[in-house]
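Chemist: I would like the entire structure built from these sequences, with the hints used as guidance.
There are 2 protein chains.
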Amino acid sequence: MSNDKASPIRPTDDEARALARGLINQARFGALGVIDPDTGMPLVTRIAVIAGPDGLPLSLVSDLSAHTSALRANPACSLMLGEPSDKGDPLTHPRISLQGKARFTRHGDPRHADLATYFTSIQPKAKLYIGFADFSLMELEIEQALLNGGFGKAFILTPQDLTPA
Amino acid sequence: MSNDKASPIRPTDDEARALARGLINQARFGALGVIDPDTGMPLVTRIAVIAGPDGLPLSLVSDLSAHTSALRANPACSLMLGEPSDKGDPLTHPRISLQGKARFTRHGDPRHADLATYFTSIQPKAKLYIGFADFSLMELEIEQALLNGGFGKAFILTPQDLTPA
Numbered sequence: 001m002s003n004d005k006a007s008p009i010r011p012t013d014d015e016a017r018a019l020a021r022g023l024i025n026q027a028r029f030g031a032l033g034v035i036d037p038d039t040g041m042p043l044v045t046r047i048a049v050i051a052g053p054d055g056l057p058l059s060l061v062s063d064l065s066a067h068t069s070a071l072r073a074n075p076a077c078s079l080m081l082g083e084p085s086d087k088g089d090p091l092t093h094p095r096i097s098l099q100g101k102a103r104f105t106r107h108g109d110p111r112h113a114d115l116a117t118y119f120t121s122i123q124p125k126a127k128l129y130i131g132f133a134d135f136s137l138m139e140l141e142i143e144q145a146l147l148n149g150g151f152g153k154a155f156i157l158t159p160q161d162l163t164p165a
Numbered sequence: 166m167s168n169d170k171a172s173p174i175r176p177t178d179d180e181a182r183a184l185a186r187g188l189i190n191q192a193r194f195g196a197l198g199v200i201d202p203d204t205g206m207p208l209v210t211r212i213a214v215i216a217g218p219d220g221l222p223l224s225l226v227s228d229l230s231a232h233t234s235a236l237r238a239n240p241a242c243s244l245m246l247g248e249p250s251d252k253g254d255p256l257t258h259p260r261i262s263l264q265g266k267a268r269f270t271r272h273g274d275p276r277h278a279d280l281a282t283y284f285t286s287i288q289p290k291a292k293l294y295i296g297f298a299d300f301s302l303m304e305l306e307i308e309q310a311l312l313n314g315g316f317g318k319a320f321i322l323t324p325q326d327l328t329p330a
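As given, the protein sequences belong to chains B and Y, one line each in that order. Sequential numbering of the first sequence, starting at 1, is according to this note's numbering. Sequential numbering of the second sequence, starting at 166, is according to this note's numbering.
To be clear, the hints were calculated from the coordinates, so they are not data collected in a lab. Treat each hint with caution, since some may be false.
[Unchecked claim] What follows is a list of derived Cβ distance ranges for each label pair: (1) B:106 to Y:234: 34 to 42 Å; (2) B:15 to Y:282: 32 to 40 Å; (3) Y:315 to B:106: 35 to 43 Å; (4) B:72 to Y:324: 22 to 30 Å; (5) Y:228 to B:106: 36 to 44 Å; (6) Y:238 to B:85: 27 to 35 Å; (7) Y:277 to B:141: 40 to 48 Å; (8) Y:329 to B:160: 47 to 55 Å; (9) Y:228 to B:153: 13 to 21 Å; (10) B:88 to Y:278: 37 to 45 Å; (11) B:127 to Y:287: 36 to 44 Å; (12) B:110 to Y:315: 33 to 41 Å; (13) Y:183 to B:114: 19 to 27 Å; (14) B:164 to Y:254: 25 to 33 Å.
[Claimed, not checked] Coverage of chain B stretches by chain Y, computed from C-beta distances (three or more under 8 Å per stretch; other residues unrestricted): (15) 19-31; (16) 35-42; (17) 71-79; (18) 83-91.
For glycine and all other residues, C-beta sits at the position ideal for the given N, C-alpha and C.
Modeler: Take a look at the structure:
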């Protein structure tokens, strides 16, 4: 038996771009994929995520975490956003898989104060630890994104598709 | 400012093992991390997951998906399970990051019929497509797991820790 499907990737349209930006805007956490420097294997962990001042993902991570160590060795990573609610088929819920390189902004960096203020304006509880020396803000230099809008609705997006107009 | 923490990994105990097995048992989907064969970068996507007959993760994946193509080139992967509810701080919700190698069971394989029957007994909707030639059952040969039971509660588990007694 075969379902005789060709490439499942559809041409990108404004609806897909709006869906992708909405998934980033609504994010409060995401699944980060990095390469484990000890084994070369992927490692997926959960990180806090908000849409930063530029509309693109902004996270706050600790040097004590396995993902941050891995990103120091190799900044290539993937971030999946778009969480199913408790109801309905989770596989039909839209999600976006971003791929790119992590960029850290540490304490003392000229951009740190502004990004930290923005982050805690959205996530006030982070004030408890954003001042710790081992916590850095992390952005993603996005190279490509795979949007899955539900069964049979896949799109490959560029960084430009994700930038608010 | 520093929080002066040493290694965040705690010694594994029965409570950690029970939490890990519970996260696998309750899973209906997860975040899969693979290495993109075209770029060498990680890619995180969502897949359906249940606890298989052996109590370990069992998924159903399509050859048309980016993750399955990647796993054909390199079976090393990571699977994060444990989804926050709509309430509370998502970063305090327990999750487990499995690392291992994907093992596929295809149509015609002697184990396929039993695994497919088991899968659809838990996820009856999968009967709609489990018979398609491009869909395979996928298990994970787990090599290591990182359990995060909430802030400050991290454990490194072995495959034996995850096997039901």
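Chemist: Compare the structure with each hint and give your call.
Modeler: Here's how the hints hold up against the structure:
{"no.": "1", "hint": "B:106 to Y:234: 34 to 42 Å", "result": "holds (37 Å)"}
{"no.": "2", "hint": "B:15 to Y:282: 32 to 40 Å", "result": "holds (39 Å)"}
{"no.": "3", "hint": "Y:315 to B:106: 35 to 43 Å", "result": "violated (26 Å)"}
{"no.": "4", "hint": "B:72 to Y:324: 22 to 30 Å", "result": "holds (28 Å)"}
{"no.": "5", "hint": "Y:228 to B:106: 36 to 44 Å", "result": "holds (43 Å)"}
{"no.": "6", "hint": "Y:238 to B:85: 27 to 35 Å", "result": "holds (34 Å)"}
{"no.": "7", "hint": "Y:277 to B:141: 40 to 48 Å", "result": "holds (42 Å)"}
{"no.": "8", "hint": "Y:329 to B:160: 47 to 55 Å", "result": "holds (49 Å)"}
{"no.": "9", "hint": "Y:228 to B:153: 13 to 21 Å", "result": "holds (18 Å)"}
{"no.": "10", "hint": "B:88 to Y:278: 37 to 45 Å", "result": "violated (29 Å)"}
{"no.": "11", "hint": "B:127 to Y:287: 36 to 44 Å", "result": "holds (42 Å)"}
{"no.": "12", "hint": "B:110 to Y:315: 33 to 41 Å", "result": "holds (34 Å)"}
{"no.": "13", "hint": "Y:183 to B:114: 19 to 27 Å", "result": "violated (44 Å)"}
{"no.": "14", "hint": "B:164 to Y:254: 25 to 33 Å", "result": "holds (27 Å)"}
{"no.": "15", "hint": "19-31", "result": "holds (count 3)"}
{"no.": "16", "hint": "35-42", "result": "holds (count 6)"}
{"no.": "17", "hint": "71-79", "result": "holds (count 4)"}
{"no.": "18", "hint": "83-91", "result": "holds (count 7)"}
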